[in-house]
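Student: Sequence:
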Amino acid sequence: MPMEKTFNAAEAEARISQRWLKARAFGAGANAKPGRPAFSVMIPPPNVTGSLHMGHAFNNTLQDILVRWHRMKGDDTLWQPGTDHAGIATQMVTEREMAANGEPSRREMGREKFTARVWQQKQKSRGTIIGQLQRLGCSCDWDREAFTMSGAPGAPADEEGNFHDAVIKVFVDLYNKGLIYRGKRLVNWDPHFETAISDLEVENIEVPGHMWHFKYPLAGGETYEYVEKDADGNVTFREVRNYISIATTRPETMLGDGAVAVHPSDERYAPIVGKLCEIPVGPKEHRRLIPIITDEYPDPTFGSGAVKITGAHDFNDYAVARRAGIPCYRLMDTRAHMRADGVPYAEAAKVAQRMSRAWLVAKGYATPGIAEQPFTLSEAEIDALNLVPDDLRGLDRYEARKRVVEAITAEGLAVMVPAPPAKPRPGLDPGPLAEPGAAASDEVPGQARDGVEMIPYVESKPIMQPFGDRSKVVIEPMLTDQWFVDTAKIVEPALEAVRSGRTKIIPPSGEKTYYHWLENIEPWCISRQLWWGHQIPVWFDEDGNQYCAENEAAAQAMAPGRKLTRDPDVLDTWFSSGLWPIGTLGWPEPTEELKKYFPTSVLVTGQDILFFWVARMMMMQLAVVNDVPFRTVYLHGLVRDAKGKKMSKSLGNVIDPLEIIDEYGADALRFANAAMASLGGVLKLDTQRIAGYRNFGTKLWNACRFAEMNGVWEGHATGPAPSPGATANKWIIGETAKTLAEVNESLENFRFDTAADALYKFVWGKVCDWYVEFAKPLFDGPDAEETRKTMAWVLDQSMILLHPFMPFITEELWGTTGRRAKLLVHTDWPELPATLIDRAAEREMTFVTTLIDDIRSARAQVHVPVGLKADLVATSLTDEARAAFQRNEVLIKRLARIDTVTEGAAPKASIAVAAEGAAFAIPLEGLIDIAEEKARLQKACDRLQKEIGGLKGRLDNPNFVKSAPEDVVMEAQSNLEARVEEAAKLQEALRRLSDLG
RNA sequence: GGGCGGUUAGCUCAGCUGGUAGAGCGUCUCGCUUACACCGAGAAUGUCGGGGGUUCGAAUCCCUCACCGCCCA
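Number 265 in UniProt numbering belongs to position 265 of the first sequence; there are no gaps in the numbering.
Keep in mind the hints are simulated off the structure, nothing from the lab. Any given hint might turn out to be false.
Unchecked claim - List time: in silico DSS-like cross-link candidates among lysine-lysine, alpha-carbon distance up to 25 Å: (1) K5 to K934; (2) K789 to K699; (3) K946 to K985; (4) K402 to K461; (5) K124 to K113; (6) K402 to K363; (7) K893 to K952.
What the hints assert, rightly or not - What follows is a set of in silico ranges between Cβ atoms, one per label pair, in the way DEER data are often shown: (8) P493 to Q973: 55 to 61 Å; (9) F960 to N626: 53 to 59 Å; (10) K472 to V240: 44 to 50 Å; (11) D662 to A554: 19 to 25 Å; (12) N8 to F779: 50 to 56 Å.
Idealized CB from N, CA, C, for every residue including glycine.
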């Protein structure tokens with residue numbers, strides 16, 4: 001049955017996939033040859049509930065190319081697949097679906113039932129992305145599919161694997177080594193999911209915001225002289241004040257202020273350091289007094305130079321508070337509503353007041369009263385204090401903000417400025433952004449003073465705000481008990497491994513980023529207040545003592561007779577995926593796979609995930625098994641749309657890889673991915689380009705179809721390169737060997753783009769454009785048999801070399817073009833010696849192809865009809881050129897559309913073509929426009945002259961000849977000679993035409 | 001503010017350790033020559049972001065400025 005005109009990807013892909021799977025072609029060690037090394041790759045596990053997007057498609061294409069290549073080379077290959085339980089994301093997806101179905105909420109269900117429900121969701125979703133990866137052609141060992149939560153309590157019976165035990169064991173080990181600790185720390189709190197998240201899961205986005213300026217009155221009506229000076233020390237402003245001016249973007253957090261801080265060098269506030277000031281919110285009779293302290297943190301040039309310190313709700317403030325011993329008062333609950341728990345405000349405020357007083361005494365700013373006892377509170381006692389005034393309790397943080405601003409402004413404690421356009425007073429400098437009343441809700445009637453309308457000073461300005469990368473709500477820094485990995489203690493080996501080259505990161509800029517992050521590593525918060533995940537294996541007794549053990553029985557054994565409760569938190573998903581390399585290979589069992597495939601060869605992943613995952617895997621593997629997880633890390637950029645925009649649903653510019661596969665086939669998408677994969681930078685995806693690579697596949701298809709029509713495949717069997725006699729055949733075999741070398745070298749260096757480029761140029765530019773054309777006349781001559789053999793071999797090599805890039809179409813061709821011993825997926829990657837490259841054949845074919853090109857170009861430019869067969873006169877020929885010409889005369893005549901060839905003098909009316917060692921003329925009396933031909937020749941001469949000028953200039957420069965390497969000088973010399981020769985021939989032709997007039 | 005990267009043909013990008021710019025797509029002209037119109041033949045197009053420097057020679061190395069992007073504050 002003759003071949004179709006095009007490859008039917010939609011029909012064939014599923015069928016071919018099935019064949020591979022049925023043959024277990026992707027199993028670990030499939031096609032491995034004795035003595036060959038192992039090659040292993042861990043898939044970056046996609047979210048189990050996710051679906052394939054372009055980033056996955058790109059990432060997995062590259063992995064598959066490497067894996068298929070190594071497998072064909074006979075390496076003992078493993079591509080380990082699997083999915084990630086993705087704590088927050090999966091919990092979110094499940095809850096959303098539950099709500100849509102009208103199922104009971106998570107809280108109504110309770111933890112156990114909910115967890116079971118998420119398992120259902122997982123089983124339902126799991127097939128989606130795995131199936132999509134298979135559609136892309138990923139040759140993972142699917143029988144080994146892993147899951148980061150396999151083996152966890154509650155897992156369905158048919159759920160295989162046991163990743164859970166590995167995770168728990170690592171936690172216990174690290175805990176016992178003192179590398180994991182629990183503590184009350186300020187963490188990023190997601191009020192939507194009501195869990196802590198790591199700083200990497202926070203996106204800082206600049207949004208429009210406001211900065212309010214408020215007066216904090218000094219205690220007891222005290223006053224001081226506030227003086228501002230310019231750079232030369234001249235006084236520019238002087239005023240007696242009874243307050244200190246504070247700027248804030250978050251007025252609601254004033255309730256939790258523990259101090260006001262100024263820079264130690266700030267002379268303006270020196271007189272009042274160590275005094276108390278009043279937080280201007282809350283019931284008047286219970287206003288809290290807080291100390292004015294010094295710290296390096298406040299920037300004297302920013303705002304008023306004074307900063308309120310709210311240790312429990314701001315990371316910078318937290319650091320200041322820790323340094324100064326200032327208490328941190330938590331104001332909000334898990335949903336970022338103002339706290340409604342605890343004793344009434346009046347009582348809490350009284351206790352906090354004593355804290356301030358005690359601080360002054362402790363720091364020596366105040367002398368203790370005779371009966372005054374030192375006053376301290378434990379962390380837990382401070383946390384229990386709710387300093388939210390009764391009327392604000394239970395409010396959302398933004399509602400509370402609004403109320404606080406209103407109350408302060410009404411009381412006259414907002415800093416006031418004259419309404420624009422009047423110029424504001426010095427000392428306040430609202431700047432151009434000063435905006436009366438700010439948001440409509442903040443509007444307060446202006447107060448008349450000295451006849452000028454005064455308004456509250458509220459700056460409208462962009463502020464950086466943290467958002468949860470999943471929930472998209474504003475993150476609240478929150479003081480909570482969390483578990484941390486003491487990363488500082490395990491970071492050094494991870495740094496050392498890259499510094500020493502034990503693990504190589506490419507591109508090298510990735511290494512710089514890696515160092516930068518690890519050298520400034522922060523403790524890693526690994527607890528999450530979720531239900532879906534690995535529950536932390538720590539139990540507490542009634543006294544709060546911790547028992548860390550692999551299970552409850554073991555914990556109980558550590559605490560005989562005590563009643564234990566387990567920590568309800570789960571581990572950060574990245575903690576478990578951090579163990580992906582060893583966990584998927586069966587660790588802690590000393591499995592064969594672990595021995596063979598660990599450390600893994602290559603990790604291919606996006607550069608956005610360097611910190612999240614790569615760096616943490618490095619730290620964890622080194623800490624747990626004292627070895628690097630991978631030899632090489634290949635980082636690639638993010639896939640964008642054709643204009644470079646990030647693909648997002650809201651922008652509507654998402655390109656769905658599955659739609660692309662439907663329309664163009666997986667091979668086209670894969671080849672496009674490979675061709676785009678230059679090192680570094682952004683990846684802009686253009687469907688036109690994908691269509692181009694679909695066409696490329698068709699091109700190969702049709703070359704094979706042509707071969708079939710010419711009986712090339714009859715009796716064909718895969719074998720070594722034939723030894724033909726015809727130059728064209730020798731030449732294409734050499735080209736094949738050169739291409740193989742180029743592909744090998746490119747892939748060794750992870751240059752998927754240059755590998756793809758080399759293959760494209762070879763298959764289209766050499767095989768299809770030239771070799772197939774050469775073969776047509778050869779099939780009619782004495783060399784027909786060897787040409788058939790050569791073409792079969794060359795097309796075989798093309799299929800083999802393209803297979804890692806375009807597995808489907810090549811496997812299909814492989815199956816339809818001959819009797820094959822094995823599937824292409826397991827066919828040996830060729831080893832072609834350089835001796836196959838015949839330099840003489842190469843030179844001869846270059847002569848032939850450039851001559852054909854030049855004749856075609858000359859004809860086209862002077863509008864000789866393509867259909868017209870012209871005559872050719874060789875006006876001069878060296879012996880070598882004559883021999884080359886004669887040997888390939890049939891090819892030249894056919895492709896350049898030449899009728900007869902003679903040697904002799906050029907007729908006057910003819911077009912001229914110069915070649916190496918030869919000059920030709922095509923007599924075309926009456927057919928060509930003399931003026932046009934003259935113009936063409938003149939243009940060619942001009943171009944040559946310019947080149948000659950440049951080359952001469954260089955060679956005439958004694959410094960060039962003296963300092964440049966010898967081969968460069970020689971090359972310039974021979975180039976010059978060739979150009980001069982060519983120019984002479986064209987000049988000669990030009991002269992002949994001029995004679996004609 | 002700190003760090004990293006980018007700025008090359010209309011578009012998207014290559015261009016290694018300095019030797020005088022390339023590929024795909026798009027554009028234009030011609031063509032149904034029995035593998036392929038998802039095709040063939042031909043053509044056009046760039047003071048390699050600006051300025052300075054090193055060098056016989058710079059897209060390539062150094063400095064500087066401008067703009068863009070990413071990461072971290």
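Student: Look at each hint and say if it fits the structure.
Tutor: Tested hints:
Of the supplied pair hints, the one linking K5 and K934 is violated, its CA atoms being roughly 44 Å apart against a limit of 25 Å. Among the hinted pairs, K789 with K699 is consistent with the structure: their alpha-carbon atoms are about 20 Å apart, no more than 25 Å. Proposed proximity of K946 and K985 is supported: the alpha carbons are some 16 Å apart, at most 25 Å. Taken as a hint, the K402 and K461 pair is honoured in the structure, with Cα atoms around 17 Å apart against an allowance of 25 Å.
Between K124 and K113, the direct Cα distance comes to roughly 17 Å. Compliance with the 25 Å bound is thereby established for this hinted pair. Annotation: proposed proximity of K402 to K363 is violated, straight-line Cα distance about 35 Å (limit 25 Å). Of the pairs offered as hints, the one joining K893 and K952 is violated, with about 37 Å between alpha carbons and a cut-off of 25 Å exceeded. Checked against the hint of 55 to 61 Å, the C-beta distance between P493 and Q973 comes to roughly 56 Å, which is consistent with it.
A C-beta distance of roughly 57 Å is found between F960 and N626, which places it inside the suggested range of 53 to 59 Å. Distance hint for K472 and V240: a CB-CB separation of about 48 Å, consistent with the stated range 44 to 50 Å. The given range of 19 to 25 Å is broken by D662 and A554, whose C-beta atoms sit roughly 53 Å from each other. As the Cβ distance of N8 to F779 is approximately 28 Å, the hint placing it in 50 to 56 Å is violated.
Against the hints set out earlier in the document, violations occur for numbers 1, 6, 7, 11, 12.
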